[in-house]
Structures are given as C-alpha cells and as structure tokens.
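Residue 1 is where the sequence shown starts when you use my numbering, and the numbers rise one by one after that.
Be careful, since some hints might not be right.
[To be verified] The calculated lysine to aspartate or glutamate pairs, modelled on EDC-like cross-linking and capped at a C-alpha distance of 20 angstroms, are:
(1) K18 x E38
(2) K89 x E69
(3) K18 x D39
(4) K89 x E71
(5) K14 x E26
(6) K89 x E38
(7) K14 x E3
(8) K18 x E71
(9) K14 x E71
[Unchecked claim] Computed spacing ranges between beta-carbons, pair by pair:
(10) T42 x S75: 18 to 28 angstroms
(11) G86 x N29: 29 to 39 angstroms
(12) N88 x K18: 16 to 26 angstroms
(13) F44 x N68: 13 to 23 angstroms
(14) Q37 x K14: 28 to 38 angstroms
(15) E69 x T42: 26 to 36 angstroms
(16) K89 x E62: 27 to 37 angstroms
No lab work stands behind these hints, which were simulated from the structure alone.
Just so it is clear, CB atoms sit at the ideal spot from N, CA and C, and this is done for glycine as well.
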Amino acid sequence: MIELVSTDRCIGCKMCVKVCPTNVFEMNNSLAYIARQEDCQTCFICEAYCPVDALYVAPQAEVSIVVNEGELRESGLLGSWRSEIGWNKGALSTMAERDTTPFFEVFTEQYRIIPGTKE
Numbered sequence: 001m002i003e004l005v006s007t008d009r010c011i012g013c014k015m016c017v018k019v020c021p022t023n024v025f026e027m028n029n030s031l032a033y034i035a036r037q038e039d040c041q042t043c044f045i046c047e048a049y050c051p052v053d054a055l056y057v058a059p060q061a062e063v064s065i066v067v068n069e070g071e072l073r074e075s076g077l078l079g080s081w082r083s084e085i086g087w088n089k090g091a092l093s094t095m096a097e098r099d100t101t102p103f104f105e106v107f108t109e110q111y112r113i114i115p116g117t118k119e
C-alpha cells in the first residue's frame, strides 16, 4: 500500500497522478499527496514511474503501516522499486535477471511484518 510521498523529493511532475490506476493521488501546492490510500492496490506503478524516488509503497496490500521517511531513506527502501526492476539510469540488470526476493525479505524483517497478519 502507498505509505509515503516525500515532500522533500517530490518535484510536482504529476506522474504518480497520471499512472495510478485507482486514482489514489491528487496535487496540492504543486506537490502530490495521497488522497485515497484505501484505494491503493499495491501495484507499485507509481513508485516505478516516479523520476525522483519520492514515493514508498509497502509490499503489504491489506494494511497500512507507520513508516519513517528518514529510516526509509537511510535503508535505501525509499523509492527503491524502480531500481529493483532495473528502471534506474545505468541499470546493469533487470528484475528478471536476478533474484529479487531480498527486497521483500528486507522490508518484512525491518518492519517485523509476518505475512498473513495485520501487524
């Protein structure tokens, strides 16, 4: 589920608004914000298309979690989906060419989320 739009990183390009299939985002003061989080389908499209890695989508689709932007930035998870799928500039490989299981394991371990639970 979409959890964060970084106001420090967002450049107001409206890409997340344009690509979201469930109309989760809106614009306010030239920056995107999460207007309808409950409609997020955890498709990662917004995070993949964000050119400045300002978005964070948590892999858990059914429950919203509290995230800390500083911790996400330090851990490298903020906006990391684009890199994971090989969409970042200079990517030498794509998701299909390597095991991406660690992306989800790192998140689950960091936030102590057990699949199938709400906490």
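Subject >> Restraint status (C-alpha distance of K18 to E71 at most 20 angstroms) >> reply: 28 angstroms, violated
Subject >> Range hint compliance [Cβ, N88 to K18, 16 to 26 angstroms] >> reply: 20 angstroms, holds
Original post:
Is K89 close enough to E71, meaning Cα to Cα at most 20 angstroms?
Top reply: Violated: K89 and E71 sit about 24 angstroms apart, past 20 angstroms.
Subject >> C-beta pair K89, E62: status relative to the range 27 to 37 angstroms that was hinted >> reply: At roughly 33 angstroms between Cβ atoms, E62 and K89 fall inside 27 to 37 angstroms, so the hint holds.
Original post:
Would you say the C-beta atoms of G86 and N29 sit inside 29 to 39 angstroms of each other?
Top reply: Between G86 and N29, where Cβ atoms are some 33 angstroms apart, the hint holds.
Original post:
For the pair Q37 and K14, does the Cβ-Cβ distance stay inside 28 to 38 angstroms?
Top reply: With Cβ atoms ~18 angstroms apart, the hint is violated.
**OP:** Given the hint that K14 pairs with E26, test it: the Cα-Cα distance must not exceed 20 angstroms.
**Re:** The hint holds at about 8 angstroms.
Original post:
Is the hinted pair K18 and E38 satisfied, with a Cα-Cα distance of at most 20 angstroms?
Top reply: Distance ~18 angstroms between K18 and E38 Cα, so the pair holds.
Original post:
Regarding the pair K89 and E69, is the alpha-carbon distance no greater than 20 angstroms?
Top reply: Violated, at roughly 23 angstroms.
Original post:
Lying within 26 to 36 angstroms: is that true of the beta-carbon distance E69 to T42?
Top reply: Violated - the Cβ-Cβ distance for E69 and T42, about 19 angstroms, lies outside 26 to 36 angstroms.
Original post:
So the hint says 18 to 28 angstroms: do the beta-carbon atoms of T42 and S75 match that?
Top reply: Holds: the Cβ-Cβ distance is about 19 angstroms, inside 18 to 28 angstroms.
Subject >> 20 angstroms limit on alpha-carbon distance, applied to hinted pair K14 and E3 >> reply: The hint holds at about 17 angstroms.
When each numbered hint is compared with the structure, violations occur for hints 2, 4, 6, 8, 9, 14 and 15.
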